[in-house]
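**Student:** What follows is each chain in one-letter form.
Number of protein chains: 2
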Amino acid sequence: MSNQTRRDFISNTGKVAIAGSTGIFATNNFTGTMAKSMFIHHVYFWLKNPSGETDRQKLIEGLQKLSKVKTIKSFHIGKPADTNRDVIDTSYSISWMLIFDDKAAEESYQTDPIHLNFVETCKDLWQKVVVYDSVDI
Amino acid sequence: MSNQTRRDFISNTGKVAIAGSTGIFATNNFTGTMAKSMFIHHVYFWLKNPSGETDRQKLIEGLQKLSKVKTIKSFHIGKPADTNRDVIDTSYSISWMLIFDDKAAEESYQTDPIHLNFVETCKDLWQKVVVYDSVDI
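Read top to bottom, the protein sequences are chains R and L.
When we follow this note's numbering, the leftmost residue of the first sequence carries the number 2, and every step to the right adds one.
When we follow this note's numbering, the leftmost residue of the second sequence carries the number 2, and every step to the right adds one.
Hints are supplied without guarantee of correctness; some may be wrong.
[Said to hold, decoys possible] Distance condition first, Cα-Cα at most 20 angstroms in a straight line; then the derived SDA-like pairs of lysine to any residue:
| no. | chain 1 | residue 1 | chain 2 | residue 2 |
| --- | --- | --- | --- | --- |
| 1 | R | 66 | R | 87 |
| 2 | L | 80 | R | 105 |
| 3 | R | 66 | L | 138 |
| 4 | R | 129 | L | 80 |
| 5 | R | 129 | R | 119 |
| 6 | L | 129 | R | 88 |
| 7 | L | 80 | R | 86 |
| 8 | L | 129 | R | 131 |
| 9 | R | 71 | R | 120 |
| 10 | L | 80 | R | 138 |
| 11 | R | 129 | R | 92 |
| 12 | L | 129 | R | 86 |
| 13 | L | 129 | R | 92 |
| 14 | R | 69 | R | 116 |
| 15 | L | 129 | R | 87 |
Hint data in this document are derived by calculation from the structure and do not stem from the laboratory.
The whole structure should be built from the sequences, with the hints applied where relevant.
**Tutor:** Dropping the structure here:
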């Protein structure tokens, strides 16, 4: 990437924007190719058997396979941090955060055979799923 | 960044890992300096006056100032996407997604004067806040 291109990424905060001027996704510590927009698909899973390590591992392995869907730009598989202020929901089992370029990429993910297979294989593991889809302001 | 360093980021999915082998945060379209771990702090705000553009803009401007906290590695300010499956919560007003290197960086953010000023300045704008803190599995 040229210095000129790289300079284009510098935001007012001095962080490096990777989501374009319409979006705000910035970082201090890397440069990257510019994304025109961002679509964040954040899913929280509550396992039927949250204390069962086997079910947790099955879901994690399912998500690792699911991460290979081509339209996924970025992903993170997480668990609740050990923070506990009253506004924090720590009751979920697994966090699955995906970043797509746009809604079309997320819609393609929803119908991707890898995603359909994940749902079929793992749907009996969770009792509840909550999804928040966010786009650039 | 050297090619050797860059190669170190390639994950099994062919995506570029930016959260280290213990975490999973990968992307297809940029290379970056490696983070040892990730702490995702995702906050959803419900405005008292969700139809009021003035309050929405005040919150967005407050978050833009808040983004200057030094320990924030990456951030995104979002709004609900126009998706509407039954598992999707589209009722919130603004999404505030932060990535920190670790819990210590997030704790520092909580007590940063910029954050304390944001809460003091903007706390009357929202009726509800839900936070999900996630760390690498």
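**Student:** Hint by hint, note whether the structure agrees.
**Tutor:** Hint by hint, here is what the structure shows:
no.	hint	in the structure
1	R:66 - R:87	violated (34 angstroms)
2	L:80 - R:105	holds (17 angstroms)
3	R:66 - L:138	holds (15 angstroms)
4	R:129 - L:80	violated (23 angstroms)
5	R:129 - R:119	holds (16 angstroms)
6	L:129 - R:88	holds (9 angstroms)
7	L:80 - R:86	violated (24 angstroms)
8	L:129 - R:131	holds (17 angstroms)
9	R:71 - R:120	holds (17 angstroms)
10	L:80 - R:138	holds (6 angstroms)
11	R:129 - R:92	holds (11 angstroms)
12	L:129 - R:86	holds (14 angstroms)
13	L:129 - R:92	holds (18 angstroms)
14	R:69 - R:116	holds (9 angstroms)
15	L:129 - R:87	holds (12 angstroms)
Hints 1, 4 and 7, counting from the list given before, are not met by this structure.
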